[in-house]
Amino acid sequence: MVSSSAPTADKLILALPKGRILEEAMPLVNRVGIVPEPAFDDPHSRQLRFATNNPGVDVIRVRSFDVATFVAFGAAHLGIAGNDVLMEFGYSELLAPLDLGIGACRLSVAEPAALRAEEDPASWSHIRVATKYPEITRRHFAARGVQAECIKLNGAMELAPALGLCRRIVDLVSSGSTLKANGLVEVETIAPITSRLVANRTAMKVRAREMNAWIEKFQEVCNGSSA
Amino acid sequence: MAPSSDTSAQALLPNGLRDLLPPDAFSLTRASGRLMAVFAAHGYERVEPPLIEFEESLFSGAGHSASANSFRVMDPISRRMMGLRQDMTPQVARIAASRLRDAPRPLRLAYGGTVLRVQGTQLRPDRQTTQVGFELVGQNGTEALGEVVLVALDALEQLDIGPVTLDLVCPALVPALCEAAGLDPVTAERVREALGQKDLKAVETLVPAGQAAVFTALARAMGPVERAVEVLESLALPAQAAVHRDALLDMARRVLAFIGSGNVTVDPFEFRGFEYKTGPAFSFFARGARGELGRGGAYVNSFGGVNEPCCGVSLYLETLVEITGRSPECPRILVDPATSLAGRRALQDKGFVTVTSPGAPLDGDEARRLNCARWLSPEGDIRDASPPPVCGQAS
Numbered sequence: 001m002v003s004s005s006a007p008t009a010d011k012l013i014l015a016l017p018k019g020r021i022l023e024e025a026m027p028l029v030n031r032v033g034i035v036p037e038p039a040f041d042d043p044h045s046r047q048l049r050f051a052t053n054n055p056g057v058d059v060i061r062v063r064s065f066d067v068a069t070f071v072a073f074g075a076a077h078l079g080i081a082g083n084d085v086l087m088e089f090g091y092s093e094l095l096a097p098l099d100l101g102i103g104a105c106r107l108s109v110a111e112p113a114a115l116r117a118e119e120d121p122a123s124w125s126h127i128r129v130a131t132k133y134p135e136i137t138r139r140h141f142a143a144r145g146v147q148a149e150c151i152k153l154n155g156a157m158e159l160a161p162a163l164g165l166c167r168r169i170v171d172l173v174s175s176g177s178t179l180k181a182n183g184l185v186e187v188e189t190i191a192p193i194t195s196r197l198v199a200n201r202t203a204m205k206v207r208a209r210e211m212n213a214w215i216e217k218f219q220e221v222c223n224g225s226s227a
Numbered sequence: 001m002a003p004s005s006d007t008s009a010q011a012l013l014p015n016g017l018r019d020l021l022p023p024d025a026f027s028l029t030r031a032s033g034r035l036m037a038v039f040a041a042h043g044y045e046r047v048e049p050p051l052i053e054f055e056e057s058l059f060s061g062a063g064h065s066a067s068a069n070s071f072r073v074m075d076p077i078s079r080r081m082m083g084l085r086q087d088m089t090p091q092v093a094r095i096a097a098s099r100l101r102d103a104p105r106p107l108r109l110a111y112g113g114t115v116l117r118v119q120g121t122q123l124r125p126d127r128q129t130t131q132v133g134f135e136l137v138g139q140n141g142t143e144a145l146g147e148v149v150l151v152a153l154d155a156l157e158q159l160d161i162g163p164v165t166l167d168l169v170c171p172a173l174v175p176a177l178c179e180a181a182g183l184d185p186v187t188a189e190r191v192r193e194a195l196g197q198k199d200l201k202a203v204e205t206l207v208p209a210g211q212a213a214v215f216t217a218l219a220r221a222m223g224p225v226e227r228a229v230e231v232l233e234s235l236a237l238p239a240q241a242a243v244h245r246d247a248l249l250d251m252a253r254r255v256l257a258f259i260g261s262g263n264v265t266v267d268p269f270e271f272r273g274f275e276y277k278t279g280p281a282f283s284f285f286a287r288g289a290r291g292e293l294g295r296g297g298a299y300v301n302s303f304g305g306v307n308e309p310c311c312g313v314s315l316y317l318e319t320l321v322e323i324t325g326r327s328p329e330c331p332r333i334l335v336d337p338a339t340s341l342a343g344r345r346a347l348q349d350k351g352f353v354t355v356t357s358p359g360a361p362l363d364g365d366e367a368r369r370l371n372c373a374r375w376l377s378p379e380g381d382i383r384d385a386s387p388p389p390v391c392g393q394a395s
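Protein chains in written order, with UniProt numbering: chain V, 1 to 227; chain P, 1 to 395.
Think of the hints as simulated: they come from the structure by calculation, not from any bench.
Be careful, since some hints might not be right.
Said to hold, decoys possible - Incomplete in silico selection of chain V near chain P, CB under 8 Å:
(1) Phe73
(2) Ala75
(3) Tyr91
(4) Leu115
(5) Glu119
(6) Ala122
(7) Ser125
(8) Thr202
(9) Lys205
(10) Arg209
For each residue, glycine too, the CB sits at the ideal point set by N, CA and C.
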């Protein structure tokens, strides 16, 4: 059962998220002294796991939601993930010891500008929302006594209200220009979002010295960049 | 022969439940036997409470936190609700406080058995697991805790699972700090959750900077024990929190005197899985394992209104067996069904497992079919089974 991971058991695996956050994360990763092999930067490479300049460390590149899953189950030891992902999963095995301060944006509720004027939120008992974050959305509305029926989408949430899929969306907003371009207004912020360094709980115990050393390096690099 | 789809569908088990097959089922029993033998050697005597009992007793005292995650059935005879045990510790506490209340203290009791929970965890979705452990009733000071840790480590050593990490925790420390800071219960719970995830950033958004400072300082005590002891010693804490901190430090020093600091860590923020632990506590981890191997610590047994100090440990057998190296299996030998018991015992004494195949020829092919490496010829010679057929060749 464990044997499949045995050959690489002693390597430390760092899980990095594809897309938006990666660009901001790589300078930090490089500055703590982890430089992946050249194939990592090759857009045509089909490789998913990469060696680094440090023989004890490999990096993997996966979707941001999957970073949380890989680290929570101990398949990766460290990772970088937004707290949107952490809030959505609520994995108890995932520790978030450091705010990297990158990938800043917010998780918000948005709706068509016209709808704003005609509805009274206090009268809601049930609403329908398109989102990539059904758990956070349900929890957010449940806290004020409203049942949220969530339609899970994986992207292009902003299309949903215009096409009649639903009237509201819950999505990440950074500049707000995508919302504006689709005739939506931000009506409420659920949480501010930044990327965190995440760590597997068991790894924090059985490889305590090594894991603490990496977290401290990331901490120093973050302090250095914010000063 | 492929099974019909009806058979396959009927074989479906409810979520979180499974059949254990050879050799895993035997591994579980063997591991349990080894652990129980170590407990017995240290004077812990076995008790065997029932699988199911009235909910008033099962969920009183230490069992209170188990109530929400336990299966219940109604007893058609007494018309009272019964609960299926989700944790054996409250049952042992009940026995200690009732039937064995007059037995001399400290009372040492060991237990092992199946427990059932409504929902597993993300990491361990299993609803049925096996719990093996022991309780030291009547004491929960540093010396008692030290003994419990030592005996548990001794037992774990019998399982061939590689180095075990001992994580020392104090689940009452953060609540004491929150109370001293005057936080309301809702905020205190959020702070505790956030600290459980080591998310100090979230704590800073929940409490004023002046109050967050103590948690930030405490965070430096997380990790290898040497540094943790230094950090904990240097902290100025409010009275009640200092009492908990000192108890944690005492346990750390006691344990270090026994086993050295190599694989010992401290986590001042951990609280999950320690719901009824009032004093210092601990858990075991190992590389390759999913989550804790076991947990233990100091608590107060309040069953029947008598508050008695206790400490103990529970080990999670399935988690342990997953990382236990497979021991070499005994070789199987095919013998004639007419072989006498004495004849079979003679082979078994040589380390063989004897197998017969009633109604089948006694030869090398039959031995191979039944996964026997050898067979006993009618002349009494031990012969090798036929070699496996080579793929692609007609046999």
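Hint check:
no. : hint   : verdict
1   : Phe73  : 7 Å, holds
2   : Ala75  : 11 Å, violated
3   : Tyr91  : 6 Å, holds
4   : Leu115 : 30 Å, violated
5   : Glu119 : 30 Å, violated
6   : Ala122 : 23 Å, violated
7   : Ser125 : 25 Å, violated
8   : Thr202 : 5 Å, holds
9   : Lys205 : 4 Å, holds
10  : Arg209 : 6 Å, holds
In summary, the numbered hints that this structure violates are 2, 4, 5, 6 and 7.
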